[in-house]
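Going line by line, the protein sequences match chains A, B and C.
For the first sequence, this note's numbering gives the first residue as 1, with consecutive numbering after it.
For the second sequence, this note's numbering gives the first residue as 367, with consecutive numbering after it.
For the third sequence, this note's numbering gives the first residue as 679, with consecutive numbering after it.
No lab work stands behind these hints, which were simulated from the structure alone.
From the three backbone atoms N, C-alpha and C, an ideal C-beta is built for every residue, glycine too.
Do not take every clue at face value.
Stated by the list, open to error - Going by beta-carbon spacing under 10 Å, a handful of chain C positions derived as facing chain A:
1. G743
2. A767
3. T769
4. A772
5. V774
6. Q775
7. R777
8. L779
9. D878
10. N887
11. Y942
12. L946
13. A949
14. P955
15. I964
The residues making up each chain are set out below.
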Amino acid sequence: MVAETPADTNKVLEVKNLKVYFKTRAGPVHAVEGVSFSLEKGESLGIVGESGSGKSVTSLAVLRLLPMPPAEIVDGEVFFNGRDLVDLSEGEMRKVRGGQIAMIFQDPMTSLNPVLTIERQLTEPLELHLGLTGSEARSRARELLEAVGIPEAPRRLKSYPHQFSGGMRQRVMIAIAIAANPQLLIADEPTTALDVTVQAQILELIARLRRDLGTSVILITHDLGVVAGVTDRIIVMYAGQIAETAPTGELFANPRHPYTLGLLGSVPRLDKTGEGDLTTIPGAPPDQLHPLEGCPFQPRCPFVLDKCSTYPPRAQVGPNHYSACWVDVTDPAEQERASARGFIPLREIGRSDYVAGETPSSVSNS
Amino acid sequence: MTTTQPNASFAPGASLDLGLQLATKRKSQLRLIGERFLRNKVSVFGLCVLIIIALGVILAPVLAPGTKTYDPTTTPDLAIRFQGPTLHHLLGADYIGRDEFARLLYGGRVSMEVGFAVAIISVIIGVVVGAVAGFYGGWVDTIMMRITDALLSVPLLLILIVLSKSFGNGKISDVVIIISAFEWLILARIVRGEFLALKEREFLLAARTLGASNVRLMFRHILPNAIGPIVVGGTLAVGDAILIESTLSFFGFGINPPTPSWGNMVNDAQGFLSSDALLAVLPGLAILVTVLCVNLMGDGLRDSLDPYMTQR
Amino acid sequence: MEAPAAQPFAVSTSNALVRIEDLVMHFPITSGIVIQRQVGAVRAVDGVTLEIPRGQTLGLVGESGSGKSTIGRAIVRLYKPTSGAMYVADTDMARVQGRQLRDMRRRVQMVFQDPYASLNPRFTIGSLVAEPMHIHKTGTKEQIIQRTEELMDKVGLRREFIDRYPHEFSGGQRQRIAIARAISTEPEFIIADEPVSALDVSIRAQILNLMSRLQHEMGLTYLFISHDLSVVRHFAQRIAVMYLGKIMEISDREDLYSNPLHPYTAALLSAVPIPNPRIEQHRKRIILGGDPPSPVNIPSGCRFHTRCPLAQQICREVEPPLEDKTGGKHFAACHFADRVGSLARTGSVQGLGNMEALPEVAERHVEHPAQA
């Protein structure tokens, strides 16, 4: 029953052609439409997309946390250490979740049980997954809280979730997540609900987690800034599909998909003063109930061609860099054509420093 | 269709909305609500049955014309006591020989009048009082709610019986007033709860910053959002009133005989349940069907007033 | 309540449309069921003075609980301020009532953060946009309908949508509806409370561009409230940073970002991720310890001292006034404003645990079925 692959020992997670649909009265919503990626040991992967891009559904499907029905994994395989998670029984899956794969969510309050003390919620996975005794688990719980920087750990262990602030709760979630030495941590918009200064704390914690414990991390976010600092590789998702994937530096320096270009151009930048308008991606996010034939980005794309009505193949455009687009956006002729539709290259709107990479003096550091 | 012709751009200021493509013709609000209502088959069925019943009671003089020389509803004819259905008397006759079919129709007039009159009066009073209490809060709310608490805590039937004994003289209007005096309390509580919750919503803050007056906030901004529970409360009130009237009649405090109402018909028939069950079953069934249909219709009405139910 | 800092803006520029003077907004906390006693107060806004020149944008930045939204809501009089004055075109919004207040509400409009919550779900788009015009009776029914359609053009909504309901629209389109409504009575001053925070990244730019286009066309003055420093930097010419009900620093945009004079501003700036990995990898962050204190128990002295990497004894005792630090228009409330620059260069990390110190734990009798 357990599907074995000639496991590449370095691959912690491998997702192949994952398709997830939601059944609704009006028809199936194509939430994830054939997503493939893999993650190596100790690697940090960012999945970027807007609401409805399927980034969260992908991760929830990996952990089989989607309510089924209405959700359904229509196709695809998810190998974790060479084992296909899609075929596991619910009982075996429970051991994987919270054990080898841990997950933290946007709103820590909804993922903590309000009527149990933090200690109880921390010791449970320790006893369950690591087989520690009660007292061992309690002392480990204290160490974990200290590790994530919660002061007065012994006292705080006896507290209930509502007695913590949002940032502290997210730290508790991280403590719970790392309790059973997971190989993979999936963080779904872990900082979206938090203030900027607290976001910085949590991101730093996640970075240390990876550095000090060697955990692989998948960071799911809508914020390109968040992934820039803490990931090795980025997947840009649009309409349930992977638009572009590249090593982090490469993606920012040499974006190849029109959607990525649009995203980079439309983000206001802390290190750039707004002179004039931001570039925009016109139109509204895609409607996954009525997916388009071919490339889902075509109605919003300035580079659009006739052949975009067939879905473009995943093309390798650089080392480890793939883009699902028919057009070579770096070709001056193509840019010329697109500019007739209003496309403005990043360098002309003062956002080309991805290439130059100089540190603008306006960012008050170094 | 603009979808096939992408005029997309990254240009500053370009702001074409390509989301909702299908342009529809303008339709009036009423028409939209009507269309949504008609989509709900069960409610339409309820409405149809109600219309049939209403037509029946309105056309009573035509459908059950006076037989020979007497008014069939009130004039007894001892010769046909307990007669079964015949061609002449479609549903037979009651214990003193009155035509049962005619009495059902005329009795329906009373019951439905009571039901709808009570519902309308209670909804109007209940909405105004509940809205004021919920919107302003404070002492207005406290006083109003304590009064309704006090009234609701006393056994309703007991008060109704006492009241109708003291003040009622069996006229329909008296029965309506007495029942309404209590029925509106329930509506007021429902409306107050809705207003209390809705007045904190952000769209209401937004309306306030636009400069809307309190009356406008209450009746233009909040009320449409509370319409669902009000419609449900109103339809329940129709059923309630018909049942309460029946109960009052059953105890002899409702509409005075010989004027028939479904309630006092059931009451009159109680002595003959074992021998002539039909005399009780028919008016009982009439009450049941009417109340059920009103509720079915109310459900549909609530849904049709909800913009979220629109399908385009 | 402490005495206001010596009028930092005594030199009132004549072109200021909005002047807020020592605004205080305390929400009482009561206890008791029958007899209610005040047992404390949420000091949401604790003495704020600022002004906005006509046609300009002031960005008001702060984290949750800083009181930035309360200021916005106080100006449109969703709350009655505890004390202080709020002049909009020489009318004190804190004191107006009745007809005058309604008239001012025509001239001062607000755009809320969440377009899903701020549009009445029972109203059609047309009636939402037309509502202020009906309230203020700006014309006949036909004129209002015509103007509604013009407004929809102006904000980039198709006229055909006029009879649709808000739930049929995406977040960005809803925010356009809210903006059309806000400009329908030709206001002078618009308070935008986190207008793009609830929107997708690609949609944010559309809304920001729309707002700045309207500003140019209509000569609007904005108070732009946001937690997002990148958005504020793009949008506002002058920026005020709030912390726990007070302004910590207020300055022109360039000055604030290149040369912050308050450690809180410096920490905020360093915390914002920049979508450029080359910058990110070399940035020095100032990571503050803990969370902001509750506005019910505001720390003594400088309210930021509990999290401040520069805090000294004097900070616990003496509240620093918001004063001009550069002889220009750059005000900061810090005893050690001159040390903020070096703090920003070196960075500082507080209150994070040590994961390296986490001892290894041996796993026991836990099967790993796949490892075979």
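Now for the hints, and whether the structure bears them out:
1. G743: holds, 9 Å
2. A767: violated, 27 Å
3. T769: violated, 31 Å
4. A772: violated, 29 Å
5. V774: violated, 34 Å
6. Q775: Status violated, d = 36 Å.
7. R777: Check failed: Cβ of R777 of chain C comes no nearer than 39 Å to chain A, outside 10 Å.
8. L779: violated, 34 Å
9. D878: This interface hint holds because 4 Å falls under the 10 Å limit.
10. N887: Nearest chain A Cβ about 4 Å off; hint holds.
11. Y942: For Y942 of chain C, the interface hint holds, since the closest Cβ of chain A sits about 8 Å away, which is under 10 Å.
12. L946: holds, 6 Å
13. A949: For A949 of chain C, the interface hint holds, since the closest Cβ of chain A sits about 4 Å away, which is under 10 Å.
14. P955: holds, 5 Å
15. I964: holds, 8 Å
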